[in-house]
Amino acid sequence: EDQVTQSPEALRLQEGESSSLNCSYTVSGLRGLFWYRQDPGKGPEFLFTLYSAGEEKEKERLKATLTKKESFLHITAPKPEDSATYLCAVQPHSNDYKLSFGAGTTVTVRA
Amino acid sequence: DTGVSQDPRHKITKRGQNVTFRCDPISEHNRLYWYRQTLGQGPEFLTYFQNEAQLEKSRLLSDRFSAERPKGSFSTLEIQRTEQGDSAMYLCASSRTDRGDEKLFFGSGTQLSVL
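One line per chain: the protein sequences are A and B, in this order.
Take the first sequence: its position 30, counted from the start at 1, is 30 in my numbering, and no numbers get skipped.
One rule links them: number in my numbering = place in the second sequence (from 1) + 1000.
If you're looking for bench data, these hints aren't it; they were derived computationally from the structure.
Careful: at least some of the hints might be erroneous.
[What the hints assert, rightly or not] Under 10 Å between C-beta atoms, here's a sample of chain A residues computed to sit facing chain B: (1) 6; (2) 32; (3) 46; (4) 96; (5) 106.
[Unchecked claim] Below 25 Å or equal to it, Euclidean Cα-Cα: the simulated DSS-like pairs (lysine-lysine) are: (6) A:98 x B:1103; (7) A:68 x B:1011; (8) A:68 x A:42; (9) A:57 x B:1011; (10) B:1014 x B:1071; (11) B:1071 x A:57; (12) A:42 x B:1011; (13) A:98 x B:1014; (14) A:79 x A:42; (15) A:59 x B:1071; (16) B:1103 x A:68; (17) A:98 x B:1057; (18) A:63 x A:79.
None of these values were measured; they are calculated from a predicted model.
Ideal Cβ positions, reconstructed from N, Cα and C, are used throughout, including at glycine.
Bound-form chain B, shown alone (with noise of 0.2 Å):
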């Protein structure tokens, strides 16, 4: 169990440029979950993959923002025309449902500034 991994760490960019994140899971988890962190909240739903279908997306998840999980494993998550209210911890997360424990695994996120 290697944990989940997220990169980059960090990322900086100016406003209107794009940005792309990735996402390793554990390898036996099936369900793959975004989520965005603001300084003082606590993580904010965005959306989650069931193998490699996209099963929900949330309001927050504007038509800049595109998640994608080829092939069940990795997934990557690009914001397009990045805004400065985009400025978060994006934080990826994974489980494994089939055991009846359902807790999340949480990478350590990829803090994003958008100048």
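Excised from the complex, chain A in its bound form (with noise of 0.2 Å):
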């Protein structure tokens, strides 16, 4: 069964603290890994897709890379409209309909 796990599970940084989430996964052929931010009380946002090891991508201040057994997620000096909890999910070749995701980090950053 795919398994994804994160860590830390709380992260409490200071704004312009950068530091880096970690996602690993076991999966059987990784179709994709997702990355997702959730606000208390809404629905989880998209931000990145990654298909393949070496693959990176960035928004804003968020760098996310993957690697054959895990993804980091890179805050680069971050502010405190980036607390929220952060999602990683695979989602596999064979049954590509469905998402696995990690419990998650939650990102604290105070001014």
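Both chains come to you apart, so use the hints to assemble them.
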């Protein structure tokens, strides 16, 4: 069964203090790895899809990278509005309709 | 693109009652998904539709749960004889599979509390 483990569970940062979130996964044939942002009481909001090892994608202060076993979400010089839970999910080739999510990393950025 | 809409946003019910949730996907999306999320966990897959056909159901979806998507448009998720363990956020998502970019767009969810 596909498994996704995210670490740390929670991260408290000072504004401007860069850091990285980890997503380790096991999947029988990766079709895509997804990063989502979720604010309290809201549904997940799409950030990135990565398809192959070595791929990188950026959006504002966020950068996602992918290896064969894990993905990282780097937050550069975060601002308070980056506070959210960041979810990682894998999509297998065999059951491409089903995303398996990790439990998420809750990021709090203090001004 | 008006996004995925879910109704109601919150539902409080007593154990044993039936509840129904509605989801309106993004209009040109052919796939519709239901996920469930409990506090501190990521969303868990429940079921999905390709147009109007329900193609897969998770073992999490007991026989008290039923989902429909008539005419391939909106979808409903009904829970019969609710139990306290059904308390969760029920998320609907949709996607379009004909462009090779299958990212899911989620609605804001329906928060169910079973007393």
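Hint check results:
1. 6: Cβ of residue 6 of chain A sits 8 Å from chain B, so the hint holds.
2. 32: 7 Å, holds
3. 46: 5 Å, holds
4. 96: Constraint on residue 96 of chain A satisfied, holds at 7 Å.
5. 106: 9 Å, holds
6. A:98 x B:1103: Given pair residue 98 of chain A, residue 1103 of chain B holds - Cα atoms ~11 Å apart, limit 25 Å.
7. A:68 x B:1011: 42 Å, violated
8. A:68 x A:42: Roughly 31 Å between the alpha carbons, so the hint for residue 68 of chain A and residue 42 of chain A is violated.
9. A:57 x B:1011: 38 Å, violated
10. B:1014 x B:1071: 32 Å, violated
11. B:1071 x A:57: Not OK: residue 1071 of chain B and residue 57 of chain A at ~37 Å, beyond 25 Å, violated.
12. A:42 x B:1011: It holds: about 15 Å lies between the C-alpha atoms, which stays within 25 Å.
13. A:98 x B:1014: 31 Å, violated
14. A:79 x A:42: 20 Å, holds
15. A:59 x B:1071: 37 Å, violated
16. B:1103 x A:68: 20 Å, holds
17. A:98 x B:1057: 10 Å, holds
18. A:63 x A:79: 15 Å, holds
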